Amino acid sequence: MNIQHIAWYLSLSLVMLSVVFCFIRIIIGPILPDRVVALDLTANLLISFIAIYSVITNQPVYIDVVIALALIVFLTTVAFANLIVWQSYSEKKKINKEIL
Amino acid sequence: MNILNTVCMLIGSLFILIAAIGVLRMPDLLMRMHAATKAGTLGTGLILIGVIFHFQKWNVTIEAFLTILFIFITAPIASHLLARAAYFRGVKLAKITITDELKGYYDRKIP
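Read top to bottom, the protein sequences are chains A and B.
Counting along the first sequence from 1, when you hit position 6 you're at 40 in my numbering, and nothing is skipped either side.
Counting along the second sequence from 1, when you hit position 63 you're at 117 in my numbering, and nothing is skipped either side.
Hints were generated in silico from the structure; no laboratory data involved.
One or more hints might be untrue.
List of simulated lysine-lysine pairs, DSS-like, C-alpha gap at most 30 Å [claimed, not checked]:
#1 Lys157/B <-> Lys128/A
#2 Lys157/B <-> Lys146/B
#3 Lys157/B <-> Lys127/A
#4 Lys92/B <-> Lys157/B
#5 Lys149/B <-> Lys92/B
#6 Lys149/B <-> Lys131/A
#7 Lys157/B <-> Lys126/A
#8 Lys146/B <-> Lys128/A
#9 Lys157/B <-> Lys131/A
#10 Lys92/B <-> Lys146/B
#11 Lys126/A <-> Lys111/B
#12 Lys146/B <-> Lys126/A
#13 Lys111/B <-> Lys92/B
#14 Lys127/A <-> Lys146/B
To spell it out: a stretch of chain A is covered by chain B in this simulated footprint if at least three of its residues, at any positions, have a beta carbon under 8 Å from a beta carbon of chain B; those stretches are [to be verified]:
#15 38-50
#16 53-59
#17 74-81
#18 103-113
Values in this document were obtained by computation on a predicted structure and should not be read as measured data.
Yeah, the Cβ is synthetic: ideal placement off N, Cα and C, and Gly gets one too.
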């Protein structure tokens, strides 16, 4: 347990504290885009968490997991953005039908 | 190289903590997105550079650089798409907003 291990575990705990903050935002977020922003940041935090964990356990296999996670997270954010656009379009159509 | 690894990881995790505090404390959706995207991307990139300094092998270096490149390409695209969708949906802007240059061009409704 030298200074380097202490620094690694310190950065790991800082990342997990950030995950707690993001989860608080996901719970109290007023609308859907707030929660999507917090989930996007949480995915970034998971990427850095796995990277620090691969350094601590000294196994470079976990970097493959990082690449796969970074590829998937982008697709989820784009899908949520399309979902928000479709919801607003359907609400506008409903309002127009009520007016007509 | 050990010193570089430790310094990169500590600075990256500090940037990530700043991003999470910004997501928790900012008053507006667009300000939250501003804090999350920039600081989060920089922190993740710094931590991956620390991984490169620790292992010093070719395969790990190439994979970590690919991850950094992909995050730097896709984070602005995803953030821009989300901000555009949220603006069309109609988010409530904060009271300290000075200018809204898209005001009047789209019919947005405040929830």
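* Cβ contact check, 8 Å cutoff: the stretch 74-81 of chain A against chain B, three residues minimum -> Holds: 5 residues of the stretch 74-81 of chain A have a Cβ under 8 Å from chain B.
* Lys146/B paired with Lys126/A [C-alpha distance capped at 30 Å] -> OK: Lys146/B and Lys126/A at ~18 Å, within 30 Å.
* Assess, step by step, whether the Cα of Lys111/B is no farther than 30 Å from the Cα of Lys92/B, and give holds or violated. => holds, 29 Å
* Asked: Do the alpha carbons of Lys92/B and Lys157/B lie within 30 Å of each other, as the hint requires?
  -> OK: Lys92/B and Lys157/B at ~25 Å, within 30 Å.
* Compare the distance between the alpha carbons of Lys149/B and Lys92/B with 30 Å, and conclude whether the hinted pair is satisfied. => Given that 30 Å is the threshold and the Cα spacing comes to 23 Å, the pair holds.
* Pairwise hint evaluation, Lys128/A against Lys146/B, where the allowed Cα distance is 30 Å at most -> Judged against 30 Å, a Cα distance of about 22 Å means the pair holds.
* Asked: Is the Cα-Cα distance between Lys157/B and Lys131/A 30 Å or less?
  -> holds, 25 Å
* Please work out if Lys127/A and Lys146/B have their alpha carbons no farther apart than 30 Å. => The given pair, whose Cα atoms are some 21 Å apart, holds under the 30 Å limit.
* Asked: Has the stretch 38-50 of chain A got at least three residues whose CB is nearer than 8 Å to a CB belonging to chain B?
  -> holds (count 8)
* Is Lys157/B within 30 Å of Lys127/A, Cα to Cα? -> holds, 22 Å
* Are the Cα positions of Lys149/B and Lys131/A separated by 30 Å at most? -> violated, 33 Å
* When you check the alpha-carbon spacing of Lys157/B and Lys126/A, does it fall within 30 Å? -> holds, 18 Å
Going through the hint list in order, the structure does not satisfy hints 6, 11.
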